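Same order as they appear, the protein sequences are chains A and B. For the first sequence, the numbering used here begins at 1 and goes up steadily by one. For the second sequence, the numbering used here begins at 1 and goes up steadily by one.
What the hints contain is simulated information worked out from the structure, not anything from laboratory work. Among the hints, erroneous ones may be present.
Taking lysine to any residue and the SDA-like style, the derived pairs with C-alpha atoms no more than 20 angstroms apart in a straight line are [unchecked claim]:
#1 B:Lys141 with A:Val68
#2 B:Lys141 with A:Trp51
#3 B:Lys141 with A:Ile69
#4 A:Lys102 with A:Ala29
#5 A:Lys102 with B:Pro186
#6 A:Lys102 with B:Met184
#7 B:Lys141 with A:Asp58
Sample of chain A residues with no beta-carbon within 10 angstroms of chain B, all distances over it, derived [claimed, not checked]:
#8 Val10
#9 Val36
#10 Glu37
#11 Gly44
#12 Ile63
Being a predicted model, the structure only gives us computed values, none of them experimental. Even glycine gets a Cβ: it sits at the ideal position worked out from N, Cα and C.
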Amino acid sequence: MIVPLTAYLVVAAVLFAIGLYTVIAQRSAVMVLMGVELILNAIGLNIVAFWRFTAPGDYSAQIFVILVITIGAVEMAIGLALMMLLFRQRQSVEVDGYMELKR
Amino acid sequence: MMYIGGILVMILFMVLFMHDPGGAMMAGMGGLSPPERWFSAGLVPRGDGAGDPGQTEEAQGEGDAPEHQDEHRHQDDDDGGEGMMDMSMVTPARPLAAWLAGGVGLALVALLLLRPAWRLAPSMLPDPDSARQVGNLLMAKYMIGFEGAGFLILIGIVGAVLLARPSSYPDDPSREARVAVDAMPPPIEPEGLDPLSPLPARDGPAEPQRHSGRGAGDA
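Use the sequences and the hints to build the structure in full.
What follows is the structure in structure tokens.
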């Protein structure tokens, strides 16, 4: 059985929407980072689906996805380090508490 | 096998959320917007267990008073009162976010209706030698990107370690300069302050203790 391309695209769209909601609505910075990861994974799923169904002979798409995952990992590491620093400064990782640049 | 593990972890999270005893994780779920109400039909926090969907509307009606309490808590947070910490997981922009995310998702799905006729490749079995092909491309055609990603990882790890390293001198001034802090804390009003009693928290419930101590020294 071949899963059609549309199914992959629908799943990726739903993942993207969940990630967007998470990024906007969650207060904890950990959840915001998880939302960013969801968005990145939706993009990766789209890329792999299009590679598989339109150009399965060209492996450039897989390399692009590998680079996207790599950069997502680096972003997660930096984000967690920043969160640890901020948590040490003020004992909270809630993103709507960081208002210093708005004043 | 890895996918089965991931799905099991997600089911575990669902069980944790639904068995949340005091409803503390769902504390901010008072006024749900319709997309959220549709998605979280059984998750509305109530006093007595999880009920049938017929009583959900009543639960929504009863949820008004806790919502007002929640707003009060937000105001207290802004004033810097140190009463109850606001423990809700979501920002006040949550209904807007729900509408926006639902709209974007629906728009992305709807774009599939008017998609162009992609020239789909004939379905074929995956190439068993694809790892070799990917490795060859990674080492020949995309070598600049590969090396750049490696360099980015190196810089990222070094930066993360520098940012988050545990220090034996956590009060060292060189570590304080990395995050913006109040250069001049607001002065303390002297009236009604017993000098032996601990200082009341002024701005922000979680300001480190040494800043207020230094402010007292300057005043």
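Taking the hints in turn, this is what the structure says about them:
As the CA atoms of Lys141 (chain B) and Val68 (chain A) are separated by approximately 17 angstroms, the hinted pair is consistent with the 20 angstroms bound. A distance of roughly 18 angstroms separates the Cα atoms of Lys141 (chain B) and Trp51 (chain A); the hinted pair therefore holds under the 20 angstroms criterion. Between Lys141 (chain B) and Ile69 (chain A) the alpha-carbon distance is near 19 angstroms, which keeps this suggested pair within the 20 angstroms criterion. A hinted pair counts as satisfied when its Cα atoms are at most 20 angstroms apart, and Lys102 (chain A) with Ala29 (chain A) qualifies at roughly 18 angstroms.
As the CA atoms of Lys102 (chain A) and Pro186 (chain B) are separated by approximately 18 angstroms, the hinted pair is consistent with the 20 angstroms bound. The hinted pair formed by Lys102 (chain A) and Met184 (chain B) meets the criterion: a straight-line CA distance of about 17 angstroms does not exceed 20 angstroms. Distance hint between Lys141 (chain B) and Asp58 (chain A) is fulfilled; the C-alpha atoms sit about 12 angstroms from each other, no more than 20 angstroms. A cut-off of 10 angstroms between C-beta atoms contradicts the statement that Val10 (chain A) is not in contact with chain B; the least separation is 6 angstroms.
The beta carbon of Val36 (chain A) sits about 14 angstroms from the closest Cβ of chain B, which is more than 10 angstroms, so the claim that it is off the interface holds. Look at Glu37 (chain A): its CB is around 13 angstroms from the nearest CB on chain B, clear of 10 angstroms, so calling it non-interface holds up. No Cβ of chain B approaches the Cβ of Gly44 (chain A) within 10 angstroms, the least distance being about 15 angstroms, so the stated non-interface status holds. Distance check for Ile63 (chain A) against chain B: the nearest CB is about 5 angstroms away, which does not clear 10 angstroms, and the non-interface claim fails.
Hint violations for this structure: numbers 8 and 12, all remaining hints satisfied.
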